[in-house]
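Use these hints to put chain H onto chain C, whose structure you have.
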Amino acid sequence: MPAKNMVSIVEDDESLRLALAGLIRSVGHEARDFPSAEEYLALQDGRCACVISDLHMPGIDGIEMILKLREMGYSVPAILITARAGRAVEARAIAAGALCVLRKPFEAEALLDCLRRALADGASSH
Amino acid sequence: MSAPVAANGPDILDLVHESVISWDGAGRILSWNAASKALYGWDGGEALGDIARILLRTHHDRPLAEIEAELAETGAWEGELRRRTADGADRVVDVRWTIERDGDGGIARTIETGRDVTDRTAAEEALRLSEYRYRNLFEAMAVGFVEIDFTAVGAMLIPLRGQGVTDLGAWLRANRPFVRDTMAKAVILDVNEKAIQLFGARGKADMVGGSSACYWPEPSEPVYIDALVATMEKQPHLVCETRMKGLGGAEFDTLFTVSWSEESRRRGVVLLGFVDVSQRKQAEAALRRLQAEFAHAARVSMLGELVASIAHELNQPLAAIATSGEASLRWLAADEPQLGEVRALASQIVGDVRRAAAIIARIRSMAEARAPEQSAVSLNAIVEEVLAFLRHELQVQCVIVEHDLAGRLPLVLADRTQLQQVIVNLVINAIQAMAEAGSEAAVLRVTTFPTKDGRVGLAVEDMGPGLPADPQRLFDGFFSTKPGGMGMGLPICRTILEAHGGEIQAANRSEGPGARFAITLPATPSR
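Protein chains in written order, with our numbering: chain C, 1 to 126; chain H, 1 to 527.
Because the hints were derived from the structure by calculation, they are not lab data. Treat the hints loosely; a few may be bogus.
[Said to hold, decoys possible] Just so you have them, the derived chain H footprint on chain C, three or more residues with Cβ under 8 Å:
1. 33-43
2. 88-102
[As the list claims (entries may be wrong)] Anything over 12 Å on all C-beta distances counts as not near chain H; from chain C, calculated:
3. 56
4. 72
5. 84
6. 117
7. 119
8. 121
Beta carbons: idealized from backbone N, C-alpha and C, even for Gly.
Only chain C is shown next, with the shape it has when bound in the complex (with noise of 0.2 Å):
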């Protein structure tokens, strides 16, 4: 049984949010789930492991998310979940910083492989 690492879920669709956090408690991980990028950056006490949150969103959306959060010096792993297929924006989404991007509707076992590399990365970066 691996550690339970604290994984926090920024989508602002409520179904698919709470369906992530389902997933995500599934495999033994702590879930926190946040409706916009506002909220989630508003919440940092340093206990998350990983994000996992939607590309595009009102307001702040997943890009601007992660730029934010590495300018406040957090240098936690990002997942990024997009509906739409284009190249630019997911070249634009790993330049940012993020670990893998993911096309909706995507397969559990490929969120939950890049969760794995994402919290063995933060695991080795601390």
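Below, chain H alone, put in the same frame as chain C:
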């Protein structure tokens, strides 16, 4: 003045208004009163002793021999003669001849009373002519005419007033068997060629003498009732559209007229006219179908423009369902399956499936080709639906929606899908106008309001570049301000609104740049 009648007669006969003449067996005039002088122009002195027939140029319609034979047999004859006066005018005279016989039974003397009926015959002739013209019209018109004997129906209706029926129409509408009974008693007196053709009869004999009941399908009874009321209230005529039934059972649309002349009213005859309007009705229906098809084509092309938005809308619940399903499988596969977690996830899945189904239902109703169907709908509810439908598009284009929907707005009678289409169209136009203008603050304002004249209004305002110089052109087909625009959206909006008794207006916003499209629709009558 030798004749016995004249012995103490001249004074008396001169007081009589009718002409009184007598002649002997040879036709020589024996007496001649003052009225005779007034009628024929000859005075007694000139007339006495002359042969009456020659002096007066008498013309009989029947041979004189026949008249004299009748006279000899029965002792009297009545009829009309044509005569000429002293100044050459022709006169029609209604006469009565009586005879005095001689000892052998021959005619000793004929006494004639006569009355000038020239003017009366002229009136009768005019009447005959007008009757002839009427008959000609009756037969030759492209209108089906049916003459009805109304006397029996009148006899049924008149007593109702005595029985306290004040609103005849309402009473008849509530007493349909009575109404059918009056139809059965309304006997057809005559029909013309066109009516025979219209009602699918083989000839007059199929219709004349029969009742009118079989030509009235039940749904048309209210029109028949209106006709009865109009007849009883002595309205000069009634015109309305209705459906009638032919002898073969086929129904047809007709313009129905009821008319009475004073004279026909006296005789208890009602004239019904029927103009076949089936073809016009068919053309109208075809036009409505065409408009509905256009509206449908426009909706489908609009859905095409929105396909990315729609795909995203659907992807959202699908992603949630897949994720919840995966999580459930993991909870179930754990050493100690967590049924509480699985239950929560399963109910989320059900909720997401409903949401996806609702999105599909919305798209399907927009994509469906069906005849427009009117019902009382809330304009506010339709605005909410449209904004939900376009939620993602608005979000992607970073448009902020302000809506101000009036409370207690009356309902409107409309086809829900078509009204949605109009509003979707206006909102998409606004989004595109603002995107194209690269407006800094893209704010879309949607308002609903009651208008001063009791209608229901809606306005969509954008902060785009505003309208071209002649806004009315926007409603012309194939005119577009958008690159790649078909220019059919607004014309179809206008067609849809006009079919609903509504209208649409385009103007620039009064405060700041941008366009304002306003529609108004009639409110449903409040009950």
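Practice task
Against the earlier hints, flag every one the structure doesn't satisfy and list their numbers going up.
Solution key: Numbers 1, 2, 3 and 5, in rising order.
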